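Chain by chain, the residues:
2 protein chains.
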Amino acid sequence: MIVVREIAKLRNEIRKQQIASGLDKKIGFVPTMGFLHEGHASLLRKARELADIVVLSIFVNPIQFGPNEDYERYPRDEERDLALAEREGVDIVFMPSVEEMYPQPIKTKVSVSADLTSQLCGASRPGHFDGVTTVVSKLFHIVDPDYAFFGLKDAQQVAVIQQMVQDLSMKVTIVPCPIVREQDGLALSSRNVYLEPEQRKQALVLSQSLQLAKQLIATNDNITIGELQEQVVRHIESAPLAVIDYVQILNFPELSLIHPSTPLSFVQNQIIIALAVKFGSTRLIDNVVLHGKDVVSHV
Amino acid sequence: MIVVREIAKLRNEIRKQQIASGLDKKIGFVPTMGFLHEGHASLLRKARELADIVVLSIFVNPIQFGPNEDYERYPRDEERDLALAEREGVDIVFMPSVEEMYPQPIKTKVSVSADLTSQLCGASRPGHFDGVTTVVSKLFHIVDPDYAFFGLKDAQQVAVIQQMVQDLSMKVTIVPCPIVREQDGLALSSRNVYLEPEQRKQALVLSQSLQLAKQLIATNDNITIGELQEQVVRHIESAPLAVIDYVQILNFPELSLIHPSTPLSFVQNQIIIALAVKFGSTRLIDNVVLHGKDVVSHV
Chain Z
28 MIVVREIAKL
38 RNEIRKQQIA
48 SGLDKKIGFV
58 PTMGFLHEGH
68 ASLLRKAREL
78 ADIVVLSIFV
88 NPIQFGPNED
98 YERYPRDEER
108 DLALAEREGV
118 DIVFMPSVEE
128 MYPQPIKTKV
138 SVSADLTSQL
148 CGASRPGHFD
158 GVTTVVSKLF
168 HIVDPDYAFF
178 GLKDAQQVAV
188 IQQMVQDLSM
198 KVTIVPCPIV
208 REQDGLALSS
218 RNVYLEPEQR
228 KQALVLSQSL
238 QLAKQLIATN
248 DNITIGELQE
258 QVVRHIESAP
268 LAVIDYVQIL
278 NFPELSLIHP
288 STPLSFVQNQ
298 IIIALAVKFG
308 STRLIDNVVL
318 HGKDVVSHV
Chain E
28 MIVVREIAKL
38 RNEIRKQQIA
48 SGLDKKIGFV
58 PTMGFLHEGH
68 ASLLRKAREL
78 ADIVVLSIFV
88 NPIQFGPNED
98 YERYPRDEER
108 DLALAEREGV
118 DIVFMPSVEE
128 MYPQPIKTKV
138 SVSADLTSQL
148 CGASRPGHFD
158 GVTTVVSKLF
168 HIVDPDYAFF
178 GLKDAQQVAV
188 IQQMVQDLSM
198 KVTIVPCPIV
208 REQDGLALSS
218 RNVYLEPEQR
228 KQALVLSQSL
238 QLAKQLIATN
248 DNITIGELQE
258 QVVRHIESAP
268 LAVIDYVQIL
278 NFPELSLIHP
288 STPLSFVQNQ
298 IIIALAVKFG
308 STRLIDNVVL
318 HGKDVVSHV
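Residue numbers (my numbering), protein chains in the order written: chain Z, 28 to 326; chain E, 28 to 326.
I should point out that these hints are in silico values taken from the structure, not numbers from a laboratory. Remember, predicted model here, so these are calculated numbers, not experimental data. Be a bit skeptical, because a hint or two may be false.
Claimed, not checked - Result set (SDA-like, lysine to any residue): computed pairs, CA atoms no more than 25 Å apart in a straight line:
1) Z/36 x E/50
2) Z/198 x E/196
3) E/52 x Z/34
One chain only, chain Z, in its complex shape (with noise of 0.2 Å):
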């Protein structure tokens, strides 16, 4: 496994591997912002899987982070992401500096429109996805993938990035994989971390509240968009140390408001119901797609 922090560098260890294997071998990507685990993990081996060379890349990216945001705490450890990257098989890392990613300020943006950008966690994180599809798209570059794997937790950044790549014909395949969870059912995510023990048992009220609205779909066909959200938040709200952000129920990967009256049994096309709760300052967020009473993974 190589670990490389220069773009120019980067650039030619996987023209040399290219070289190596092949030139119509595949190049697999996983961008991260570290602190890697096992969602991560599935990730790189859905990309072993499909492609020929792995690069993943480690970069906590400033632009997609707030003022008030968690950016300078975001939690990092490079020795213990190496060591994960190179027992899934990693072939190139790259882990570029700040400066290496951003010599100048940035004076290029690009965005995707308020109607996938503003709901959801665009609404409380301002700017953050105009920060997600620039670094993505300068990562596209650099890399220049044939796939891009991202983890269905961040349900709306996928929908956000496919759009991106398909408006702008960019070459790569996003393969969006499924939520890896705790044995509990809590989703994993970098920030967990955060979570004091207390909030720690709370925060499982995000995934039994899916739980519960997967039950209310499959027992009772009569169920509206509204009287679901309703019970989810009810749900959520059985925890006295979650405040909740939004639970919203969406068509996917539109992102596109569904009536609250309209009886899920209309419905035609993909759901998504999305949740973000804060426990203390951290926030999580977790979700599930569905299509009728099918629960979906793949978008």
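Given the structure of chain Z, go ahead and fit chain E onto it with the hints provided.
Below, chain E without anything else, positioned relative to chain Z:
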């Protein structure tokens, strides 16, 4: 010469020609809006010189025109364009329809910040450069060129695209090419066909005023930026049909302001003298890039 109208076919054709001629062969790309003239021909010749496979695109891009601009009446002549392309040894012409480029309304925008895009042509054409950077970015993803060729008549466009390429780490090298002029000095433009005979005659004040500026610089060591600008304005105003949109002298390619009282001999960097002048509803642009007393054709 192959003519293709679909993105997928273009990709296949480029790939085919690359495999035939060796994968290390360089792709040169000339993006245009068609109605080709000798200015475009000079770009194609430069591409032929530097690259192995020359791709020309012809696409009148609706998203870079304002609502009251000349998108509908922009001149088109497919047959003549293809003859010129053939003559210049183009390998592949890409002529997509609007539906092929934008099957749905595009939700993704690539934009360069206001310090490069809000003055000069950006001031009278709001949103214009967003349309340019978005379509150029999309075309770059489709063609994947090693070199792309742009005329310096649109000097601000060159500066904006260079910024985009650098910020987003696109692999392409931008090759700016000198302005091509009629015998009498008028800079070539597809829009010159709009000019009535008397407007065409008076349109010479653009290039003449730039010649005048060069003479003033050569003979007057103490001339200030403000005096130079005033002389250029005065000369253009000698044409009764000319209506000045802007006459600006800026640092190039940063496009930052220079205080009018600054003597030219104090300016260390490249500067641009940029003009936009309307004759009736036809807006013409012209410019010269200088470094001290020297005319710079490469940036």
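Hints, verified against the model:
1. Z/36 x E/50: With a Cα-Cα distance of about 21 Å, the restraint between residue 36 of chain Z and residue 50 of chain E holds, given a limit of 25 Å.
2. Z/198 x E/196: holds (16 Å)
3. E/52 x Z/34: holds (22 Å)
Every hint from the earlier list agrees with this structure, and none is contradicted.
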